[in-house]
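Number of protein chains: 2
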Amino acid sequence: MKFAINESLLKELKYDSKGLIPAIVQDADKNDILMMAWMDEEALRRTLNVGEMVFWSRSRKEYWHKGDTSGNVMEVVEWFVDCDADVLLFKVHMHGPQVACHTGARSCFFRKG
Amino acid sequence: MKFAINESLLKELKYDSKGLIPAIVQDADKNDILMMAWMDEEALRRTLNVGEMVFWSRSRKEYWHKGDTSGNVMEVVEWFVDCDADVLLFKVHMHGPQVACHTGARSCFFRKG
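Order-wise, the sequence lines are chains A and B. For the first sequence, counting from 1, position 56 maps to 63 in the working numbering; every step adds exactly one. For the second sequence, counting from 1, position 109 maps to 116 in the working numbering; every step adds exactly one.
In silico DSSO-like pairs for lysine-lysine, Cα to Cα no more than 30 Å straight-line: (1) A:9 - B:119; (2) A:25 - A:98; (3) A:98 - B:25; (4) A:21 - A:9; (5) A:98 - B:119; (6) B:98 - B:25; (7) A:98 - B:21; (8) A:21 - B:68; (9) A:21 - B:98; (10) A:98 - A:18; (11) A:98 - A:21; (12) B:9 - B:37; (13) B:18 - A:25; (14) B:98 - B:9; (15) B:21 - A:119.
Each pair of labels, with its calculated beta carbon distance range: (16) A:103 - B:67: 37 to 45 Å; (17) B:9 - A:56: 43 to 51 Å; (18) B:69 - A:109: 30 to 38 Å; (19) A:109 - B:84: 21 to 29 Å; (20) B:14 - A:13: 39 to 47 Å; (21) A:91 - B:36: 19 to 27 Å; (22) A:24 - B:58: 27 to 35 Å; (23) A:85 - B:109: 20 to 28 Å; (24) A:72 - B:69: 35 to 43 Å; (25) B:37 - A:103: 23 to 31 Å; (26) B:109 - A:25: 21 to 29 Å.
The hints are simulated quantities; they were obtained by calculation from the structure and are not laboratory data. All residues carry an ideal CB built from backbone N, CA and C; glycine is no exception.
With these hints in hand, go ahead and build the complete structure from the sequences.
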């Protein structure tokens, strides 16, 4: 699903000193947390324009359309801004192999503390 | 619930340039995301020692035992480290008024994008 961009909401967002904001990704049906990654404003605009998760890769220093190599495209169902406008939450449907993590796990949060 | 500290796991954690790591808080029963805040190593140790969420407040520059003023203590049920060891997830039971957000909302993620 593509999203109309609410420019006034986007202007409110507070990015960190590197121009990034955390994006939490939650499965829209099962409600488990799949991953957290980072977006700059352009990654957020790309995400909303295409309706699929696009991050900024801090290690590769490039935009990262989730699923391009893995097939694990994440379709955005709805998204939220937190009270302080410095964290984003995306509820998604995973396409492909239902694997969010590069290790092959469904969720990146598989290591119990 | 208090947690035994797994020192080798704690050593693996990757903090940012300010010594902080994001901590996502999820309701253990309803599975909604309540908030995201930040911890340094000491805040994490305090959280595990007391079994309740303790953050580092970036604005007040002090440790912040969630619920001290609001009554909204968050009891940790289980916690997870992500694959890259740079994000934490805590599943909690909220005590008191069931309000995680300083605005009075249950969750900080109440603004739909």
